[in-house]
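Undergrad: Each chain, letter by letter, is given below.
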Amino acid sequence: VRIRWKDEVRDVEPAASGDDMRVALTGRRLFIWWHGRSWEFTEERGSASPSAARRTESSAGLLSPMPGRIRQVLVTEGDRVTKGQVLLVLEAMKMEHSIRSPHDGRVTKIAFAEGDLVDAGAVLADVSPDSSDSM
Amino acid sequence: MPTFPKRLLIANRGEIAVRIARTAREMGIEPIGVYASSDAGAFHLRSMTASFDLGPGTPRETYLDAAKLVAAARSADADAIHPGYGFLSENAGFARAVTEAGLLWVGPSPESIESMGDKLQARRRMREAGVPVVPGSDSGDSPAASDAELSDRAEEIGYPVLVKASAGGGGKGMARVDRREDLSSALAETRRVAGAAFADSRIYLEKLFDRPRHVEFQVFGDRMGSIVHLFERECSVQRRHQKVLEETPSPALDARLREGMGRAAVEAARAVAYVGAGTVEFLLDERRNFYFLEMNTRLQVEHPITEETLGLDLVRTQIEIAAGAPLPAAWRGGKLVQQGHAIELRLYAEDPYEFLPRTGTIELWEPPQGPGIRLDAGVGLGTTVGVEYDPLLAKLVVSAPDREAAIARAKRALEEWVVAGVETNGPLLFDVLDSPDFRSGRYATDLIGSLERSTASPPDKVWREAALVLASEGEAVRAGAHPAVRPTTSDPWEGRHGNWRIGS
Chain H
1 VRIRWKDEVR
11 DVEPAASGDD
21 MRVALTGRRL
31 FIWWHGRSWE
41 FTEERGSASP
51 SAARRTESSA
61 GLLSPMPGRI
71 RQVLVTEGDR
81 VTKGQVLLVL
91 EAMKMEHSIR
101 SPHDGRVTKI
111 AFAEGDLVDA
121 GAVLADVSPD
131 SSDSM
Chain R
1001 MPTFPKRLLI
1011 ANRGEIAVRI
1021 ARTAREMGIE
1031 PIGVYASSDA
1041 GAFHLRSMTA
1051 SFDLGPGTPR
1061 ETYLDAAKLV
1071 AAARSADADA
1081 IHPGYGFLSE
1091 NAGFARAVTE
1101 AGLLWVGPSP
1111 ESIESMGDKL
1121 QARRRMREAG
1131 VPVVPGSDSG
1141 DSPAASDAEL
1151 SDRAEEIGYP
1161 VLVKASAGGG
1171 GKGMARVDRR
1181 EDLSSALAET
1191 RRVAGAAFAD
1201 SRIYLEKLFD
1211 RPRHVEFQVF
1221 GDRMGSIVHL
1231 FERECSVQRR
1241 HQKVLEETPS
1251 PALDARLREG
1261 MGRAAVEAAR
1271 AVAYVGAGTV
1281 EFLLDERRNF
1291 YFLEMNTRLQ
1301 VEHPITEETL
1311 GLDLVRTQIE
1321 IAAGAPLPAA
1331 WRGGKLVQQG
1341 HAIELRLYAE
1351 DPYEFLPRTG
1361 TIELWEPPQG
1371 PGIRLDAGVG
1381 LGTTVGVEYD
1391 PLLAKLVVSA
1401 PDREAAIARA
1411 KRALEEWVVA
1421 GVETNGPLLF
1431 DVLDSPDFRS
1441 GRYATDLIGS
1451 LERSTASPPD
1461 KVWREAALVL
1471 ASEGEAVRAG
1481 AHPAVRPTTS
1491 DPWEGRHGNW
1501 RIGS
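Here the protein sequences line up with chains H and R, keeping their order. Following our numbering, the numbering of the first sequence begins with 1 at its first residue and continues without gaps. Following our numbering, the numbering of the second sequence begins with 1001 at its first residue and continues without gaps.
Hints are computed from structural coordinates only; laboratory data are not their basis. In this text the structure is predicted, and so the values were computed from the model without any measurement. Be aware that one or more of the hints could be misleading.
[Stated by the list, open to error] Straight-line Cα separation of at most 30 Å, BS3-like style, residue types lysine-lysine; simulated pairs:
#, chain 1, residue 1, chain 2, residue 2
1, R, Lys1006, R, Lys1243
2, H, Lys94, R, Lys1068
3, R, Lys1335, H, Lys94
4, H, Lys109, H, Lys94
5, H, Lys94, R, Lys1207
Just need the whole structure built from these sequences, with the hints factored in.
TA: Right, here's the structure in full:
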């Protein structure tokens, strides 16, 4: 059976008999709870090869690690920034999280303004590296 | 006889609002809820007899707006306000506004809140009362203030040190400094954060203990001046300086240490003429010396483990004390004895490995049940968890005759708990309970950081189970397109259809 968990797709031989796990099916989604952990699977019907189903490595910029609200924007597009410099501050559930520049470079994109809500995985900003450390 | 309130406005949301409403109803008091317009469908409102809209806006403009809350209490014809924890619970201005509006404030006096909210003042008063405090930059005649003075004190205390904001708390306004060359930037940064977040840029230094335990004592005072403690809660299981799991009794204390710390906790509360429920937090170092850390002048999140081991309802006593009743005679007579062991597990909406917030809508929800289980939940099936509020979804409190049985019960309960739609820290809770350090009872605040964690990806046997379900019964259940939860049996075919419970 071809099964997907997050970005991972595998062809799996079904267990010979059911194990001591809790399962639930909601539409096409299968949840399994075991030892305090849980996973959500879906069955893959298509003929796509497992490797093709993997997400291609994103080069879109700095992604939000969590859903939240933009608390502060500390730079503007065109600014020169250094590695580790805080570009934005994100807040969710009373927790603040600083988004830092991954390298020295120039800010080419700030996608949100203060007060905006963002989803986890949203592109927040982009910094084009200085040619000297783009390798 | 004191007069109890008839209508109690609960200036909070989530599990604690539900918790307080339950006691209110048991006392024949009507619980009144409040909500931000954007939070109109919130779970806690279904526990209330009536609920009031605080209008649109951010938490600051709603749940944190003292004037709007007092106005809501007036329109609701409420005669008392319970602040819960967080939000305005430790805001002396709110306590004053409530009292000045002629309403009963279920909490300590504004003066007590102020004394303890200002960490420098609290530390000074504790030293005067003979309560040991963490060695810091303020131990001398005058607190060090300039960078040069603070730097000198850091040398005396010895690195690593902790830079703290006097008005800080809850892990905010704190910086660890390991080397003297990093001190001046940490001082500047903490002053800046403290000024921005608390409008008070005073800072001080504390000695940083590498592997401390956090042990707190529940205290209670009445208007007649009686003050007692209700034993300790062990709070060392933390991530990002916030608690994840608490237990009582603490495996770190023996009868003698418990007595000494309990006495210090009572003295701490007495020093600020404390009335109502409060918590005195201590650091315990590896040589079992204890130091006053801070006092929380409110009901604590983890109060249920105290309730479960003593058979008490602390919210009821809070309301009675606020109405002018004395502490129960049995408490004053020192007759309280803890029974068994209790553990609280906090279920947070967060990624269990990086501890970052997660949001979503709860699609499946089957909380654990059975002997020794108490669940204080602020969510249910269909609740949407957003980014604006605390990530605490629910508290699972297990009680058992001894610690080992309580751990086994906690694991059993976690395995029963079905949640889908919002990622939770369930796996972290399980890994803590399963770890040799936690099981031995010999752990400190570095426990979570040093855990050997199970990985996020499914083990092979889980993949094969998924394949089994999808290959066999998947079609039949998919046709119904409804949630179904069941434990699999050793024989997957036997009674399989009969075991599916189809939701509606």
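Undergrad: Evaluate each hint against the coordinates.
TA: Hints versus structure:
{"no.": "1", "hint": "R:Lys1006 with R:Lys1243", "result": "violated (34 Å)"}
{"no.": "2", "hint": "H:Lys94 with R:Lys1068", "result": "holds (21 Å)"}
{"no.": "3", "hint": "R:Lys1335 with H:Lys94", "result": "violated (40 Å)"}
{"no.": "4", "hint": "H:Lys109 with H:Lys94", "result": "holds (26 Å)"}
{"no.": "5", "hint": "H:Lys94 with R:Lys1207", "result": "holds (27 Å)"}
Hint violations for this structure: numbers 1 and 3, all remaining hints satisfied.
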